[in-house]
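Asks: As a plain string of letters, each chain reads:
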Amino acid sequence: NAGVMQNPRHLVRRRGQEARLRCSPMKGHSHVYWYRQLPEEGLKFMVYLQKENIIDESGMPKERFSAEFPKEGPSILRIQQVVRGDSAAYFCASSSDRNSPLHFGNGTRLTVT
Amino acid sequence: GENVEQHPSTLSVQEGDSAVIKCTYSDSASNYFPWYKQELGKGPQLIIDIRSNVGEKKDQRIAVTLNKTAKHFSLHITETQPEDSAVYFCAASKGANNLFFGTGTRLTVIP
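Going down the list, the protein sequences come from chains A and B.
Residue 88 is where the first sequence starts when you use the working numbering, and the numbers rise one by one after that.
Residue 823 is where the second sequence starts when you use the working numbering, and the numbers rise one by one after that.
Don't read these hints as lab results, they were simulated from the structure.
C-beta: ideal position from N, C-alpha, C; glycine also.
Careful: at least some of the hints might be erroneous.
What the hints assert, rightly or not - Residues from chain A that face chain B, not an exhaustive set, calculated with beta carbons under 8 Å:
| no. | residue |
| --- | --- |
| 1 | 118 |
| 2 | 120 |
| 3 | 128 |
| 4 | 129 |
| 5 | 130 |
| 6 | 135 |
| 7 | 143 |
| 8 | 178 |
| 9 | 186 |
| 10 | 188 |
| 11 | 189 |
| 12 | 190 |
| 13 | 192 |
| 14 | 193 |
| 15 | 194 |
With the hints as extra help, turn the sequences into a complete structure.
Replies: The structure is reproduced here in structure tokens:
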């Protein structure tokens with residue numbers, strides 16, 4: 088029973104490049120959430136998606152960030168033209184419905200040089 | 823929006839002793855309160871959760887209490903073991919999806 092799978096585990100990008108983070112939810116889960124964690128801080132909500140729909144993107148920066156969860160394949164968090172302040176751990180979580188507990192993956196650690 | 827405060831930020835206990843971590847929340851409409859354990863280099867792992875229609879919940883050495891009137895909830899770990907050492911996060915939400923996390927407590931259990 089695979090859990091939430093995120094890849095890559097570590098990603099290094101130069102300023103101005105694009106970062107793509109992938110997340111495959113647990114089997115049977117159709118709700119996906121993205122959170123960001125800065126060093127020594129708690130997780131901050133970014134976006135909540137169901138298959139092909141964005142349900143809540145209230146935590147997403149207005150520019151450069153986008154997320155999708157297509158009918159087939161993993162959810163993708165895309166960060167365009169990365170800046171040093173984007174360096175963080177990005178965690179994906181999934182649930183079976185909107186009232187069920189969230190299960191997190193092991194994250195992607197993004198470093199912008 | 824919701825604001826969750828967590829104390830203490832660090833906690834050291836002797837093996838076998840109890841550990842207590844406390845959180846307060848601001849939005850009286852929040853009704854779901856999970857606790858997560860995060861080990862180095864890993865994602866948060868759900869260890870216990872409680873909903874607002876319940877005052878206390880236990881699972882072996884772990885218990886959570888909720889005081890809706892005072893808007894605070896606590897995690898209790900009894901008979902601590904070295905493998906309990908980790909960072910613990912509380913969270914609050916309406917429903918279960920948009921979680922607002924506390925800033926974490928680094929628990930160290932000294933053998």
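Asks: Given residue 118 of chain A as an interface hint, is its Cβ closer than 8 Å to any Cβ of chain B?
Replies: holds (7 Å)
Asks: Grab the minimum C-beta distance from residue 143 of chain A to chain B and call the hint holds if it beats 8 Å, violated otherwise.
Replies: At about 6 Å, which falls below the 8 Å cut-off, the nearest Cβ of chain B leaves the hint on residue 143 of chain A intact, so it holds.
Asks: Return the status of the interface hint for residue 193 of chain A: holds when the least beta-carbon distance to chain B is below 8 Å, violated otherwise.
Replies: holds (5 Å)
Asks: Does the closest beta carbon of chain B sit nearer than 8 Å to the beta carbon of residue 120 of chain A?
Replies: holds (6 Å)
Asks: Would the hint on residue 188 of chain A be counted as holding, given a Cβ-Cβ threshold of 8 Å to chain B?
Replies: Since chain B brings a Cβ to about 5 Å from residue 188 of chain A, closer than 8 Å, the hint holds.
Asks: Restraint: residue 190 of chain A near chain B, CB-CB cut 8 Å. Satisfied or not?
Replies: Holds, because the Cβ-Cβ distance from residue 190 of chain A to chain B comes to roughly 7 Å (cut-off 8 Å).
Asks: For the hint on residue 186 of chain A, does the least C-beta distance to chain B fall short of 8 Å?
Replies: holds (5 Å)
Asks: Have a go at the residue 135 of chain A hint: is there a Cβ in chain B nearer than 8 Å to its own Cβ?
Replies: holds (5 Å)
Asks: Do the numbers back the hint for residue 178 of chain A, that is, is its least Cβ distance to chain B under 8 Å?
Replies: Nearest chain B Cβ about 5 Å off; hint holds.
Asks: Does the nearest C-beta of chain B fall within a distance shorter than 8 Å of the C-beta of residue 194 of chain A?
Replies: holds (5 Å)
Asks: Is the hint on residue 128 of chain A kept, meaning its closest Cβ partner in chain B is under 8 Å away?
Replies: For residue 128 of chain A, the interface hint holds, since the closest Cβ of chain B sits about 6 Å away, which is under 8 Å.
Asks: Was the hint right that residue 130 of chain A lines chain B, CB cutoff 8 Å?
Replies: holds (5 Å)
Of the numbered hints stated above, none is contradicted by the structure.
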